[in-house]
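Undergrad: Sequence:
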Amino acid sequence: MTPTIVGLTGGIGSGKTTVANYFKALNVPVYIADVQAKALMNRSKVIKRKLIKLFGDEAYVHNTLNKPFIASQIFSNQDLLKKMNAIVHPKVAKHFSNWVKKQNVPYVISEVAIIFENGSQGKYDYIIIVVAPEQTRLNRVIKRDNSSEAKVRAIMNNQWTDQQKTEHSDFVINNTDLKDTKLQVENIHSKLLKSITKA
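All letters in the sequence shown, in the order written, are residues 1 to 199 by UniProt numbering.
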């Protein structure tokens, strides 16, 4: 039986990784799209060739993806970002599909930062959105990435608002208190299992 696919999303700094780890603790397999994308960008010869064609030789240093350079290139250039995603996303989707086939569980979680922004919500049976107050998210990212407020806000402006995402999601996790977040995850886990076994 193919597992039910649950998308896990949320704006930058909302705490998707924390929530993903709580699901992992409940023995739910979790696929972190961003991690896998970076791994494929380093591993796939086809992706490497296309990215070098798109960004130039600086895209890789000593055969490894030059993340700071790529980030600086796509930071304020939506066109370049779209072109890069068109190269990477299909490969990640194929990798994910093969990964799902190997999982023998009721459901799997796919953690993706931009489900709605790239119009891929139709690929999921359920979607969980992680939300947190904007100032909390800002503080988390500035601390985590040693980033400037302007830079974090620019990323936020490219993402849908929590309200927009909430309207299109099946479950909402308010991630402000870790103990409470864990309880919300356990509650959603129970609901998902019930719903899947009924189906």
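Hint data in this document are derived by calculation from the structure and do not stem from the laboratory. We put the CB at the ideal spot given by N, CA and C, even for glycine. A hint or two may mislead.
Said to hold, decoys possible - Calculated pairs, SDA-like style, for lysine to any residue (alpha carbon to alpha carbon, straight line, at most 25 angstroms):
1. K48 x K24
2. K198 x H168
3. K102 x T4
4. K50 x Y126
5. K194 x Y126
Said to hold, decoys possible - For each label pair, taking beta carbons as the anchor points, the in silico distance ranges come out as:
6. D34 x V105: 33 to 39 angstroms
7. R144 x A25: 18 to 24 angstroms
8. E134 x P106: 22 to 28 angstroms
9. E149 x K45: 21 to 27 angstroms
10. L81 x E167: 22 to 28 angstroms
11. N77 x K198: 45 to 51 angstroms
12. A86 x N157: 40 to 46 angstroms
13. A86 x P133: 19 to 25 angstroms
14. Q163 x H62: 24 to 30 angstroms
Undergrad: Each of the hints needs a verdict: does it hold here or not?
TA: Status of each hint after checking the structure:
Restraint check for K48 and K24: the C-alpha separation of about 31 angstroms exceeds 25 angstroms, so the hint is violated. Of the pairs offered as hints, the one joining K198 and H168 holds, with about 23 angstroms between alpha carbons and a cut-off of 25 angstroms not exceeded. Taking the CA atoms of K102 and T4, the gap is near 13 angstroms; set against the 25 angstroms cutoff, the hint holds. Restraint check for K50 and Y126: the C-alpha separation of about 33 angstroms exceeds 25 angstroms, so the hint is violated.
Between the alpha carbons of K194 and Y126 the distance comes to roughly 13 angstroms, so the proposed pair stays at or under 25 angstroms and holds. D34 and V105 have their C-beta atoms about 22 angstroms apart, which leaves the hinted 33 to 39 angstroms range violated. The supplied range of 18 to 24 angstroms is met by R144 and A25, whose beta-carbon atoms lie about 21 angstroms from each other. A hinted range of 22 to 28 angstroms is violated for the C-beta pair E134 and P106, which are about 34 angstroms apart.
Between E149 and K45 the Cβ separation comes to about 39 angstroms, which falls outside the hinted range of 21 to 27 angstroms. Distance hint check: the CB atoms of L81 and E167 are about 25 angstroms apart, consistent with the given range 22 to 28 angstroms. Here the CB-CB span from N77 to K198 is close to 47 angstroms, well matched to the stated 45 to 51 angstroms. A hinted range of 40 to 46 angstroms for the beta carbons of A86 and N157 is inconsistent with their spacing of about 22 angstroms.
With their beta carbons about 34 angstroms apart, A86 and P133 fall outside the hinted range of 19 to 25 angstroms. In this structure, Q163 and H62 break the distance hint of 24 to 30 angstroms, their C-beta atoms being roughly 44 angstroms apart.
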